[in-house]
Amino acid sequence: MKNADVVVIGGGPGGYVAAIRAAQLGLSTVCVEMDKTLGGTCVNVGCIPSKALLTSSEHYEWARLHSAEHGVKIDGVSADLPTMMKRKDTVVGQNTKGIEFLFKKNKIEWAKGRGTLKPGNVVEVEGVDSYQAKNVIIATGSVPIELPFLKFDEERVLSNIGALKIPEVPKHLIVIGGGVIGLELGSVWRRLGAKVTVVELFPTILPGNDEEVIKEADRIFRKQGLEIRVGTKVVGASRGDSVVKIEVEKDGAKETLEADYVLVSVGRKPSLTGIDAQALGLSLGKRGEITVDAEMRTNLPNVFAIGDAVGGKLLAHKAEEEGVIAAEVIAGHHAHMDYKSMPSVVYTWPEIATVGLAEHEVKASGREYKVGKFPFSANGRARTMAETSGFVKFIADAKTDELLGCHIIGANASDLIQEVVLAFEYRGSSEDIGITVHSHPTLSESVKEAALGVLGRSLHI
Amino acid sequence: MISIKVPPLGESIVEATVSRWVKKQGEAVASGDTLVELETDKITVEVPAPKAGVISSISAAEGDVVKVDQVLGELDEAAAAPTASAPAPAAGPPAPQPAAPPAPAAAAPSLQPADVKSSPAARRVAADSGISVADVTGTGRGGVVSKPDVIEHASKPAPAPAVARDGAQRETREKMTTRRRRIAENLLQSQHSTAHLTTFNEVDMTRVNELREKMKEKVEKEHSVKLTFMPFFVKAACMALEQYPMVNAQIDGDSIIYKHYVNMGIAVASDAGLVVPNIKDAHAKGMLDVSRDIAAVAKRAREGKLTMDDLTGGTFTITNGGVFGSLVSTPIINYPQVAILGLHKTQDRPVAIDGKVEIRPMMYVALSYDHRIVDGQQAVLFLVRIKELIEDPAAMLIS
Numbered sequence: 001m002k003n004a005d006v007v008v009i010g011g012g013p014g015g016y017v018a019a020i021r022a023a024q025l026g027l028s029t030v031c032v033e034m035d036k037t038l039g040g041t042c043v044n045v046g047c048i049p050s051k052a053l054l055t056s057s058e059h060y061e062w063a064r065l066h067s068a069e070h071g072v073k074i075d076g077v078s079a080d081l082p083t084m085m086k087r088k089d090t091v092v093g094q095n096t097k098g099i100e101f102l103f104k105k106n107k108i109e110w111a112k113g114r115g116t117l118k119p120g121n122v123v124e125v126e127g128v129d130s131y132q133a134k135n136v137i138i139a140t141g142s143v144p145i146e147l148p149f150l151k152f153d154e155e156r157v158l159s160n161i162g163a164l165k166i167p168e169v170p171k172h173l174i175v176i177g178g179g180v181i182g183l184e185l186g187s188v189w190r191r192l193g194a195k196v197t198v199v200e201l202f203p204t205i206l207p208g209n210d211e212e213v214i215k216e217a218d219r220i221f222r223k224q225g226l227e228i229r230v231g232t233k234v235v236g237a238s239r240g241d242s243v244v245k246i247e248v249e250k251d252g253a254k255e256t257l258e259a260d261y262v263l264v265s266v267g268r269k270p271s272l273t274g275i276d277a278q279a280l281g282l283s284l285g286k287r288g289e290i291t292v293d294a295e296m297r298t299n300l301p302n303v304f305a306i307g308d309a310v311g312g313k314l315l316a317h318k319a320e321e322e323g324v325i326a327a328e329v330i331a332g333h334h335a336h337m338d339y340k341s342m343p344s345v346v347y348t349w350p351e352i353a354t355v356g357l358a359e360h361e362v363k364a365s366g367r368e369y370k371v372g373k374f375p376f377s378a379n380g381r382a383r384t385m386a387e388t389s390g391f392v393k394f395i396a397d398a399k400t401d402e403l404l405g406c407h408i409i410g411a412n413a414s415d416l417i418q419e420v421v422l423a424f425e426y427r428g429s430s431e432d433i434g435i436t437v438h439s440h441p442t443l444s445e446s447v448k449e450a451a452l453g454v455l456g457r458s459l460h461i
Numbered sequence: 001m002i003s004i005k006v007p008p009l010g011e012s013i014v015e016a017t018v019s020r021w022v023k024k025q026g027e028a029v030a031s032g033d034t035l036v037e038l039e040t041d042k043i044t045v046e047v048p049a050p051k052a053g054v055i056s057s058i059s060a061a062e063g064d065v066v067k068v069d070q071v072l073g074e075l076d077e078a079a080a081a082p083t084a085s086a087p088a089p090a091a092g093p094p095a096p097q098p099a100a101p102p103a104p105a106a107a108a109p110s111l112q113p114a115d116v117k118s119s120p121a122a123r124r125v126a127a128d129s130g131i132s133v134a135d136v137t138g139t140g141r142g143g144v145v146s147k148p149d150v151i152e153h154a155s156k157p158a159p160a161p162a163v164a165r166d167g168a169q170r171e172t173r174e175k176m177t178t179r180r181r182r183i184a185e186n187l188l189q190s191q192h193s194t195a196h197l198t199t200f201n202e203v204d205m206t207r208v209n210e211l212r213e214k215m216k217e218k219v220e221k222e223h224s225v226k227l228t229f230m231p232f233f234v235k236a237a238c239m240a241l242e243q244y245p246m247v248n249a250q251i252d253g254d255s256i257i258y259k260h261y262v263n264m265g266i267a268v269a270s271d272a273g274l275v276v277p278n279i280k281d282a283h284a285k286g287m288l289d290v291s292r293d294i295a296a297v298a299k300r301a302r303e304g305k306l307t308m309d310d311l312t313g314g315t316f317t318i319t320n321g322g323v324f325g326s327l328v329s330t331p332i333i334n335y336p337q338v339a340i341l342g343l344h345k346t347q348d349r350p351v352a353i354d355g356k357v358e359i360r361p362m363m364y365v366a367l368s369y370d371h372r373i374v375d376g377q378q379a380v381l382f383l384v385r386i387k388e389l390i391e392d393p394a395a396m397l398i399s
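In the order they appear, the protein sequences are chains C and R. Counted from 1, the first sequence has number 135 at position 135 by this note's numbering; the numbering is strictly sequential. Counted from 1, the second sequence has number 236 at position 236 by this note's numbering; the numbering is strictly sequential.
Since the hints were made in silico from the structure, they are not lab data. Positions of the beta carbon are idealized from the N, C-alpha and C atoms, including for glycine. One or more hints might be untrue.
[Unchecked claim] No farther apart than 27 Å at their CA atoms in a straight line, the calculated lysine-lysine pairs in the DSS-like style are these: (1) K175(R) <-> K399(C); (2) K399(C) <-> K285(R); (3) K363(C) <-> K156(R); (4) K340(C) <-> K216(R); (5) K175(R) <-> K156(R); (6) K399(C) <-> K259(R); (7) K67(R) <-> K340(C); (8) K221(R) <-> K259(R); (9) K67(R) <-> K117(R); (10) K370(C) <-> K387(R).
[As the list claims (entries may be wrong)] Under 8 Å between C-beta atoms, here's a sample of chain C residues computed to sit facing chain R: (11) D35; (12) K36; (13) F202; (14) H334; (15) D397; (16) T400; (17) R427; (18) I435.
[Claimed, not checked] Covered by chain C, per the in silico footprint, the following chain R stretches (three or more residues, Cβ under 8 Å): (19) 117–124; (20) 182–194.
Extracted from the complex, chain R is given alone in its bound form (with noise of 0.2 Å):
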């Protein structure tokens, strides 16, 4: 019988939840076949069957919160199929050493959150079975977890996944999965450490959409990607942040730490909510790179199957609400992070140019900064260069 533990999850990644179980119980499975879906605040991690054999127990359900290392379930190799094609024992992959004890999964939590409204029983009843009232649906008058509340969900066997909309119902409730948990964590981490400011300026599209336009049709076809006007601005960005290093630079206690590099998050919408893969040394990079690598991370984003590289040592970041069709906004910093970008929806506008007015396709730009290193002249420059270079994508090519 081997142990299906949870695997490491990554640097400073405890726990996960089980987003989905592949096989079911008493199914027979290969070596490699993916047996169950877990979910961390960022990535989606696919734990594989570590030997071929029959799942014969499920310990973990779906939408429990799981620890590295804690057992989701066994599998009995013994019960393999025993067909010609079974594989050799020894050609299994790297898989969770099976000798190592499993971590009572009560022990961890001591802990009772002190936000969540709980009546003594509860906590004490909690506390002895190592739930976490803030995992517990409270019931009491305005949501206090009550001890019955606690022997409940410790005896569910799996949380409801939908919550049943009956039309008496005026509002459900429903707990948030790690990964949101983990977002609204460093939204907030974001908004209270640093000193937030956003600044504005427009940009006038005009001429990058020209050479998008005359370009686009000879670069899917010679190089099979699509030229958006996302690398122009991924360029136009590693070009201003070398021109003003603070912006790429990170606080570190009382130190700054200046990057000599640039990895470019770009925010992404998935299924799972917001992500920020960023695209390596971005600023070595040709345009072209830049849109191979943008298309490449944003369909692994949607296919949630973004690696913890992907995720990890962006040094500034890009955000396009305008594909939503935001007209403004403050994007909020990208903790560490001194500073983001957003653009939005490109709108025709009339403008006054040379004094006439002319209608013109424009872009509201935003930079949030952290003004404890970022000074607001740097900030509002550092928007200005994007603006020229965008403007006028030639200069571009002279830096």
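Next comes chain C alone, as it looks inside the complex (with noise of 0.2 Å):
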């Protein structure tokens, strides 16, 4: 048995975080990974890989679609699959290999096994020891949810680890669930030339977004080739050698669809991996999630937990952000958690990038407010780029002009929006954002016009 003022379970990007920043408080730290690499879902099976291919595809179709008006002749373009995924493949084992260092650099032990968090803060690692822990952190992170009706194979019904690994490019891609992860990998595969399909439950995709932006982005996909079928329920479905059939119902009519490979991207759950809860009487809220307070403390005594596994936004940023608080607090700091800050962006494209409230959350709230619009299309650098759909949009409290939320669709979005989540972080206006110089010719132009917007003075529109 070795001693470790903090042992944090699992390598994600919440966890190895913690670790880092638990060790640059001097603190003797131990990681738990059973993965071979380390990076958990976002650097292995999420965001890293995904945004890799992203990027792949958006190159292909732009040399397809878009190279010709910019008055570049491309002849003969051709999607080389193969070479994208292995691109892929090296992309992720920089990152992975990125932590490794990390961790060697900051002394961290990678404890290269499944855990066990025993009663007293023990941690036993299969195949490799069992740390007496001071501090435990538990970064367990989350796993797909699965139709009981239509279990994962990864060979023709996928999850995100599926998904990002198919072999050929789908003739049909049925994609169950219009939320993030479901529109960014039915993005991937459309560009590269397969029937996309995405089947969405509630009556909008992106459910919970702003309204603006999902009928914008809604517009823009549907334009782009994506067929999207919402307030649709999937009721059954089955599996041939190669083909997968998917029964859907919407307004009571019912309709069988076939493809070759389906995606099911209906949410993720808790992961609770070597944690028995019950056994250690771990408090657990509705959804499984662990339940803890702003200093990420759990019900236990010294034993922390962040990330997915304590749900939330599922949100690499956020689990990092959970990590460095949890750390800074074992270390002894004032820390804590305040999620009103928190971005999130969808990568499709354009991006769809946000912070704070939509509008109908700030309307049901009661509190009066003003909204600034202000369309890429007037901003001269989107014209250059030929990169016009889409808009930036705030909500501004009516009294005070305190900023309660900004959504930005268009490219570079995920970008555009950091300059807004840094004036949440103030409690800034839109008076603050509308009032900075902003340099010209740029798209983030259309982040201050959008700001004038909500005093009613914007400049170009």
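Fit chain to chain and form the complex, with the hints in mind.
Rendered as structure tokens:
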């Protein structure tokens, strides 16, 4: 049995960042990860590989459809799927090796095995050792939710894992669930030539987002060729050798869809590998998530939990921040989690980025508010890039001008949102962004103009 | 209708904090009644009703910072209760001229302090509405003052007097009062503007205690004043100051001003913070007069009734940390004075007397001085002189 100040169970973006921060603060730190590589879902089968494929497929689509308007003639464009996949794997490898390097640099021990939390904060790592931990951080992540009648086989019935390594371009890919993962991976395969049908149970795709953004996204995605069926329930399914049949129902009318591949992306649920909550007395919420306070403490003494395992928005950067908070609390700092300024991004093209509340949420709260909007079609830089779809939208308090929400759909929205997140951290107002100089010509001018729009003084519209 | 205004607060004092409204809106008041209490960095000022009437409006809330001549509210003289006892208007005390146009509250602060973190829009709104961002509690990350903070501050009827302490809150934030801010500024100014140095000595209190024990009942009975050991130190200090006049001096530019009198400052802890009233011409007063004066200023300080005269013109200060149990400390000079004497707790300690160990009531004394004009030798000899006089009070007769 070894001793450690901190044992982190799980080496995903929450866990490995928590380990680095704990080590930076001078705590002896062990990170338990049973996979062959560090980085968890995000780096291995999530954010990073999906972005690699999104970028590659975007280039392909640009060459095929948009290069000509820029006066670039490319003959005989074709997608080389094996090369794309290899490049994706290379990028993933660079990232996982990068984390290993960071572990060495910070003198973090990687316990390579399945970790089990025992009472008294002992962590047993299969085939490695046992650790007496002064503090434990549970960062066991989440797993995709399975449909009872359509179990994952990762051959034809795919989760995010299988959808990132389909060996051929599907003829028809059915995506069940029109959320972030479904739309991103659906976009990848559509660009590469598959017919893609998105089936969403709710009346809209991206449920919960700002309605204007959803409307714009729905319009653009359909124009790109994505078939979107909203308000549609999947009621049954059957798998043949190289075909999957999906029975859907809309307004009482049933229909059977046929596809060679199906991606089930109906959500994720907390994964508690090696954590026997009942035996430990660990308190869980309704969806099986570990309940924590603002300092990321569970109900058990010196046991913290972070990331997808504690529910909330399933975002790598949320997990990272929670990891940092947990490590700092353990080191005796005053730190606590605040989700008000938590951005989220959908990496379709155009991208969709959000921070704060949607307009319908502000309206429901009864607070008086103002909206400012600016379309990229009125932005000079966007025109030069031929990326004029989408807009920036701000929602601010009518009286104090406090920023309440920002929604960007457009090129590079993921980067554009960041100045707004910073403003949120400082409880900024639309005026703060509106009176700040933005370089010309940039897409970010649209952010400034939309902010000025809240004050009724946009300059270029 | 008569405006209730902030009266002149004394030399170099331009603002005060509204500490308490004694009368409420709609309440009938007699001429001379205290309407509202203002707190400055030095004293509490009561604003009396210039005439009988009814308070028709209140425009400065408790906690607001107000400037001299600013309107605090309105008094409706016509609404005075029509009783026979209503005083004739001419009988009112000298009132601030109601004819003078009220100073617009927004006019004054043009500069926003540079050291308060605030957002650009917050500074714009603050400047437009005459608010200093320094007065606004920032809620942005790291306490940054945001535009919503300024707007909320401007529309708030009164700052919450006490911060609610629910169990979850680990810290609370509270605005410093004007007085506390001024105390802070003064202490810092002293530290920054003088060459601060402290020298120590110790005093055997045996003789003084004996004398006090012997005399105190008689003094209390005959003169109804309590004989503490403070007047002994006041007198001893006066004598030592006479001998070392530089310790009683003051620097003014490149000149040294020698004071041929001693206005002895006595630091007094009051509810509102530390105040230092002084005893005028202490050098010319006897022990009993000094005792009486100390008792009187201490009482006024505790009741918040010190006058500007009490607080200005001191030439030297004595502070007694011993009342709270302090054994040794380095007092900060009461700028622009150049020295301060720190007294401490008397404690029985073994000391060597004529080659033998004896238990004696001992007190450490400290003198902090401005080394720019007081040389180390003078400071040390000054303190030694006090030691000699206290250890042998009879010596005070022969000087």
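Outcome of the hint check:
With a CA separation close to 24 Å, the supplied pair K175(R) and K399(C) stays within the 27 Å bound. The hinted pair formed by K399(C) and K285(R) fails the criterion: a straight-line CA distance of about 64 Å is larger than 27 Å. At most 27 Å may separate the alpha-carbon atoms for a hinted pair to count; K363(C) and K156(R) meet this at roughly 24 Å. Distance restraint check for K340(C) and K216(R): the Cα-Cα separation of roughly 68 Å exceeds the 27 Å cut-off, and the hinted pair is therefore not satisfied.
Only pairs whose Cα atoms come within 27 Å are accepted, and K175(R) paired with K156(R) is accepted, the gap being roughly 15 Å. Distance hint between K399(C) and K259(R) is unfulfilled; the C-alpha atoms sit about 59 Å from each other, more than 27 Å. Taken as a hint, the K67(R) and K340(C) pair is broken in the structure, with Cα atoms around 39 Å apart against an allowance of 27 Å. At roughly 36 Å between alpha-carbon atoms, K221(R) and K259(R) are farther apart than 27 Å, so this suggested pair is violated.
Taking the CA atoms of K67(R) and K117(R), the gap is about 25 Å. The hint holds against a cut of 27 Å. For a cut-off of 27 Å, the pair hint linking K370(C) to K387(R) is broken: about 74 Å separates their Cα positions. Proximity of D35(C) to chain R is violated relative to the hint, the smallest CB-CB distance being about 36 Å (cut-off 8 Å). Taking 8 Å as the C-beta cut-off, the interface hint given for K36(C) is violated, the closest approach to chain R being about 39 Å.
Given hint, F202(C) at the interface with chain R, is violated; its Cβ is 34 Å from that chain's nearest Cβ, farther than 8 Å. Evaluation of the H334(C) hint against chain R yields a held restraint, the C-beta minimum of about 7 Å falling below 8 Å. Checking D397(C) against chain R by beta carbon gives a least distance of about 7 Å; that is within 8 Å, so the hint holds. Using the Cβ-Cβ criterion of 8 Å, the hint placing T400(C) at the interface with chain R is satisfied: the shortest such distance is roughly 4 Å.
Interface restraint check: R427(C) against chain R, minimum CB-CB distance 4 Å, threshold 8 Å, status holds. Annotation: I435(C) was flagged as interfacial toward chain R, and the flag holds, the nearest CB pair being 6 Å apart, inside 8 Å. Counting residues of the stretch 117–124 of chain R whose CB lies closer than 8 Å to any CB of chain C gives 5, so the stated coverage by that chain holds, three being the minimum. A stretch counts as covered by a chain when three or more of its residues have a beta carbon under 8 Å from one of that chain; for the stretch 182–194 of chain R and chain C the count is 0, and the coverage is violated.
Checked against the numbered hints above, the structure violates hints 2, 4, 6, 7, 8, 10, 11, 12, 13 and 20; every other hint is satisfied.
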